[in-house]
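K.L.:
Those protein sequence lines, which keep their order, are chains Z and R. Taking this note's numbering, I'd label the letters of the first sequence as residues 7 to 248. Taking this note's numbering, I'd label the letters of the second sequence as residues 7 to 248.
Keep in mind that the hints were calculated from the coordinates and are not lab data. It is possible that some hints are incorrect.
Note: identical chains are not told apart, hence a pair may lie in one copy or across any two.
Unchecked claim - Only pairs whose alpha carbons sit at most 27 Å apart, straight line, appear in this in silico DSS-like list of lysine-lysine: (1) Lys225 - Lys168; (2) Lys225 - Lys194; (3) Lys87 - Lys150; (4) Lys213 - Lys43; (5) Lys248 - Lys225; (6) Lys108 - Lys168; (7) Lys194 - Lys109; (8) Lys230 - Lys198; (9) Lys46 - Lys225; (10) Lys175 - Lys230; (11) Lys194 - Lys230; (12) Lys248 - Lys194; (13) Lys248 - Lys230; (14) Lys230 - Lys156; (15) Lys225 - Lys43; (16) Lys82 - Lys29; (17) Lys213 - Lys28; (18) Lys175 - Lys248; (19) Lys82 - Lys20; (20) Lys198 - Lys225; (21) Lys43 - Lys55; (22) Lys248 - Lys186; (23) Lys168 - Lys186; (24) Lys109 - Lys230; (25) Lys225 - Lys109; (26) Lys156 - Lys82; (27) Lys26 - Lys150; (28) Lys230 - Lys150; (29) Lys55 - Lys20.
There are 2 protein chains.
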Amino acid sequence: MIRKINSKTNTRIKHAASLKEKKYREEFHEFLIEGDKVLKMALEAKMVKEIFTISPLLDVSDDIIQYVISRELLVKITNTKSPQGVAAICSIPNYSFKDEYKKVVYLDDIADPGNLGTIIRTALSFGYDAIIASENTVDFFNPKVVASSKGSIFFIPVLAGKIVDFKEKYQIIVSSLNDKSIPLEEAKTKIKDRMVLVIGNEANGVKEETASLADLLVKIPMVKMDSLNAAVASGILMYTLK
Amino acid sequence: MIRKINSKTNTRIKHAASLKEKKYREEFHEFLIEGDKVLKMALEAKMVKEIFTISPLLDVSDDIIQYVISRELLVKITNTKSPQGVAAICSIPNYSFKDEYKKVVYLDDIADPGNLGTIIRTALSFGYDAIIASENTVDFFNPKVVASSKGSIFFIPVLAGKIVDFKEKYQIIVSSLNDKSIPLEEAKTKIKDRMVLVIGNEANGVKEETASLADLLVKIPMVKMDSLNAAVASGILMYTLK
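All chains should be built: construct the whole structure from the sequences, respecting the hints.
P.N.:
Right, here's the structure in full:
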């Protein structure tokens, strides 16, 4: 179904624009995506509710409403000055944790949306079963997270959770530059069937209360600097321990 | 030495602001840095020529001139809306390639400044000897590259170069999802003493003419998506093949 919207004050436009804010995403269980590649993946995952586009899209089921709008209106609802020609409202999926999950990534207060999106992308590529975020981790459905996840967020369960709830049934692996940490290659030989890989905050690392639950402390050996970008460090950990 | 500048049209302010553009960086062999952490590293590397700061810094040698300026002027010379309180002009180092370099990263048209900076940071952390960039790779001294390198650019030689010039003396390792590529863990056992790790463009991968020079084609095995962020993929390759 295709409809035209001309007015800035149209309720659908205002609603779409409101989804930049977390409180509205939580209220409506919806989030906004941008660009044709991400839209294609969202359609594949059957998560698209409404499309806002500069020109009607041909390969979209007639059940999904397409609002044809001006570039000016598209700029209003997205976060980018020069958006690609399309945006869409998606429903936030209602994941619940499954006991069958074996390899899980736990994010202990990741703050940067670009890092979070990149971590989601990496976790999916290496076949992790789910991503769990601490309360203070940046919102999974922040537009910058969704953008840097390159659509991978539609294909891996992402949930809020507490690390302590994994202690009984999972091996908890914490990345830390702590003296007691063992090098990653050695850690690789000690991985159990069910594990949670914990990734800490970009500036402060893993919280003490989280680290105290660790069954295995690991570090990535470095020659100089002892400094890696958080998404890169996470990628090396996820690749090696997968 | 400390001086105060009040005027927007002051030549030092105009000069500093001009370094946002590559042509001026090339003309003057200078680039601009921002923030106290990066400045600290630049001072350690003895690459700082002039400092622009909101309040005078105490732990800086008197040989380096400090211009005390308003926040408004600092915004003018930097790329950020809300800059940290300090910026500086640094000299672009004149590296030349050394035959003793054993492990080198070659960038085949990396386009994103954030990715380039992150790759520099990773290469330094894992002890690579130098980074060589193809002609179409984004400028090493682009402010966004310098920022995302977190100061590591001061401690690893970065040079322009052609991959063909390495063919005779180095093993050329190309990351590619090509059918002939061998998995990374297998490639690890085949690394020679002198090697160049080639990393391709974010969207298009490694150029055909570059891939044709490869002694070893490697791929990172993935379960789903076959999609990793370029800086993450580079990080996994650099870590594994270091």
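K.L.:
Could you run down the list of hints and mark each one as holding or not?
P.N.:
Hint-by-hint comparison with the structure:
| no. | hint | verdict |
| --- | --- | --- |
| 1 | Lys225 - Lys168 | within (23 Å within a copy, 35 Å between copies) |
| 2 | Lys225 - Lys194 | both (11 Å within a copy, 20 Å between copies) |
| 3 | Lys87 - Lys150 | both (14 Å within a copy, 19 Å between copies) |
| 4 | Lys213 - Lys43 | between (36 Å within a copy, 23 Å between copies) |
| 5 | Lys248 - Lys225 | both (16 Å within a copy, 16 Å between copies) |
| 6 | Lys108 - Lys168 | within (17 Å within a copy, 45 Å between copies) |
| 7 | Lys194 - Lys109 | both (13 Å within a copy, 25 Å between copies) |
| 8 | Lys230 - Lys198 | between (31 Å within a copy, 22 Å between copies) |
| 9 | Lys46 - Lys225 | between (38 Å within a copy, 26 Å between copies) |
| 10 | Lys175 - Lys230 | between (37 Å within a copy, 26 Å between copies) |
| 11 | Lys194 - Lys230 | both (22 Å within a copy, 21 Å between copies) |
| 12 | Lys248 - Lys194 | both (9 Å within a copy, 17 Å between copies) |
| 13 | Lys248 - Lys230 | both (26 Å within a copy, 13 Å between copies) |
| 14 | Lys230 - Lys156 | between (32 Å within a copy, 13 Å between copies) |
| 15 | Lys225 - Lys43 | between (36 Å within a copy, 24 Å between copies) |
| 16 | Lys82 - Lys29 | within (18 Å within a copy, 35 Å between copies) |
| 17 | Lys213 - Lys28 | within (24 Å within a copy, 42 Å between copies) |
| 18 | Lys175 - Lys248 | within (18 Å within a copy, 35 Å between copies) |
| 19 | Lys82 - Lys20 | within (9 Å within a copy, 34 Å between copies) |
| 20 | Lys198 - Lys225 | both (17 Å within a copy, 26 Å between copies) |
| 21 | Lys43 - Lys55 | within (16 Å within a copy, 45 Å between copies) |
| 22 | Lys248 - Lys186 | both (22 Å within a copy, 23 Å between copies) |
| 23 | Lys168 - Lys186 | within (24 Å within a copy, 43 Å between copies) |
| 24 | Lys109 - Lys230 | between (31 Å within a copy, 15 Å between copies) |
| 25 | Lys225 - Lys109 | both (19 Å within a copy, 22 Å between copies) |
| 26 | Lys156 - Lys82 | within (22 Å within a copy, 34 Å between copies) |
| 27 | Lys26 - Lys150 | both (10 Å within a copy, 25 Å between copies) |
| 28 | Lys230 - Lys150 | between (31 Å within a copy, 22 Å between copies) |
| 29 | Lys55 - Lys20 | within (16 Å within a copy, 50 Å between copies) |
Every hint, counting from the list given before, is met by this structure.
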